[in-house]
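**Q** Chain order of the listed sequences is A and B. Using the UniProt record's numbering, you'd call the opening residue of the first sequence number 1 and step up by one each time. Using the UniProt record's numbering, you'd call the opening residue of the second sequence number 1 and step up by one each time.
Simulated from the structure, these hints should not be mistaken for lab results. Here the structure is a predicted model, which is why all the values come from computation and not from measurement. A couple of the hints might just be wrong.
One-sided excerpt, in silico: chain B residues whose CB lies under 7 Å from chain A [unchecked claim]: (1) T18; (2) R54; (3) G149; (4) A150; (5) S197.
For every residue, glycine included, the Cβ atom is placed at its ideal position computed from N, Cα and C.
There are 2 protein chains.
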Amino acid sequence: MCSEPHRTIAPRSGAAFTLDRGQRLTVIDPMGEQVADLLAFNRHDTAEVISSGRTLDYASRIYLTTGDPLYSNRSNVLLRIVEDTVGRHDFLLTPCSAETFRIIYGDTDPHRGCFGNLAAALAPYGILPDAIPVAFNCFMNVPVDAATGALTVAAPLSRAGDHVTFEAATDLVVGLTACSALQSNNGSFKPIHYVISG
Amino acid sequence: MCSEPHRTIAPRSGAAFTLDRGQRLTVIDPMGEQVADLLAFNRHDTAEVISSGRTLDYASRIYLTTGDPLYSNRSNVLLRIVEDTVGRHDFLLTPCSAETFRIIYGDTDPHRGCFGNLAAALAPYGILPDAIPVAFNCFMNVPVDAATGALTVAAPLSRAGDHVTFEAATDLVVGLTACSALQSNNGSFKPIHYVISG
Numbered sequence: 001m002c003s004e005p006h007r008t009i010a011p012r013s014g015a016a017f018t019l020d021r022g023q024r025l026t027v028i029d030p031m032g033e034q035v036a037d038l039l040a041f042n043r044h045d046t047a048e049v050i051s052s053g054r055t056l057d058y059a060s061r062i063y064l065t066t067g068d069p070l071y072s073n074r075s076n077v078l079l080r081i082v083e084d085t086v087g088r089h090d091f092l093l094t095p096c097s098a099e100t101f102r103i104i105y106g107d108t109d110p111h112r113g114c115f116g117n118l119a120a121a122l123a124p125y126g127i128l129p130d131a132i133p134v135a136f137n138c139f140m141n142v143p144v145d146a147a148t149g150a151l152t153v154a155a156p157l158s159r160a161g162d163h164v165t166f167e168a169a170t171d172l173v174v175g176l177t178a179c180s181a182l183q184s185n186n187g188s189f190k191p192i193h194y195v196i197s198g
Numbered sequence: 001m002c003s004e005p006h007r008t009i010a011p012r013s014g015a016a017f018t019l020d021r022g023q024r025l026t027v028i029d030p031m032g033e034q035v036a037d038l039l040a041f042n043r044h045d046t047a048e049v050i051s052s053g054r055t056l057d058y059a060s061r062i063y064l065t066t067g068d069p070l071y072s073n074r075s076n077v078l079l080r081i082v083e084d085t086v087g088r089h090d091f092l093l094t095p096c097s098a099e100t101f102r103i104i105y106g107d108t109d110p111h112r113g114c115f116g117n118l119a120a121a122l123a124p125y126g127i128l129p130d131a132i133p134v135a136f137n138c139f140m141n142v143p144v145d146a147a148t149g150a151l152t153v154a155a156p157l158s159r160a161g162d163h164v165t166f167e168a169a170t171d172l173v174v175g176l177t178a179c180s181a182l183q184s185n186n187g188s189f190k191p192i193h194y195v196i197s198g
């Protein structure tokens, strides 16, 4: 997979692209400890989108890895995880946004975050900001305290070169970022690489 | 609150209604161990809806209770929890649906579930099924194993007469159910009562 030419998402930015049914998308953390928020929409009807609520319900798990499908809001499988060298990703939290930075970080002139980057990248596909749900946040490490329910955004477990590979179960529009939140990426902003194959 | 006349949602059904800013909605479990899925939309622009991903991120907790706001997909507060006699609700899972019953329970002729009940109740407000996100599932008890991420749908902690009260931070359309999934309600289907005050 890594012999194929990769594309690069610069730090604190995002991209959108299509995947055909059967194609694979490999998301690579080239330097380690960098999160990539992923969204996937049915390319032929973008009102259908990945759903954390359906996926976690059917998996009976909040942490997904190799073998797990990502279901849509219509309970169809949009993607399957087919390789995963990390095994810790988040599917609870929405992409960071200007409001995230204002509310959690207290920023007065906040960056537009993964939310703004995804909204801009997905706009040419006719996808509106309000339609952006909880993303599958590759490499994001969100431990949950079972007793209190407290969640923490901890350093990703990914090391340089780690990757997670998805196979498209239908034709998709995909949004992908190099995450813009300091805490999610252990204090620094790094690029994300990705490869489309098949 | 309980001296005011309540309305009843019959077992395995749902309702939708409006709340004005400042009004309170009390959701009562009259028999105990019965879940009620709640959705709230900005009445003046129903593309704005409660967001589990934003709310859990800002709360840094998956279990919400008295004092916690429910944020929208635009990071505005739509509701605040102002009273809660139980302290255990779910905000991870989507409403049960025909697909839930097929995929998880193996039903061949499935009930339409809370999803179908909400879709039918919200249709007169112009809200489409695809716009139904993760609901705030009153009284639903979903413990998470911190090490593996495994989640279980356990018996609700609510006893007869327990309630949770929300205050509307803006004008809302609300959808509310008496949940239709056996496992969520410890094996039987019961009604839900609610009171609107203020």
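**Q** Quick check on the hint: R54 (chain B) CB to chain A CB, less than 7 Å?
**A** holds, 5 Å
**Q** Less than 7 Å between beta-carbons is the criterion; does T18 (chain B) satisfy it with respect to chain A?
**A** violated, 20 Å
**Q** Quick one, is the S197 (chain B) hint okay against chain A at 7 Å, beta carbons?
**A** violated, 29 Å
**Q** Under 7 Å is the threshold here; is the Cβ of G149 (chain B) close enough to any Cβ of chain A for the hint to stand?
**A** With a closest approach of 3 Å, the G149 (chain B) hint holds.
**Q** With a cut-off of 7 Å, does the beta carbon of A150 (chain B) approach a beta carbon of chain A closely enough for the hint to hold?
**A** Hint on A150 (chain B): holds, closest Cβ of chain A at ~5 Å, below 7 Å.
When each numbered hint is compared with the structure, violations occur for hints 1 and 5.
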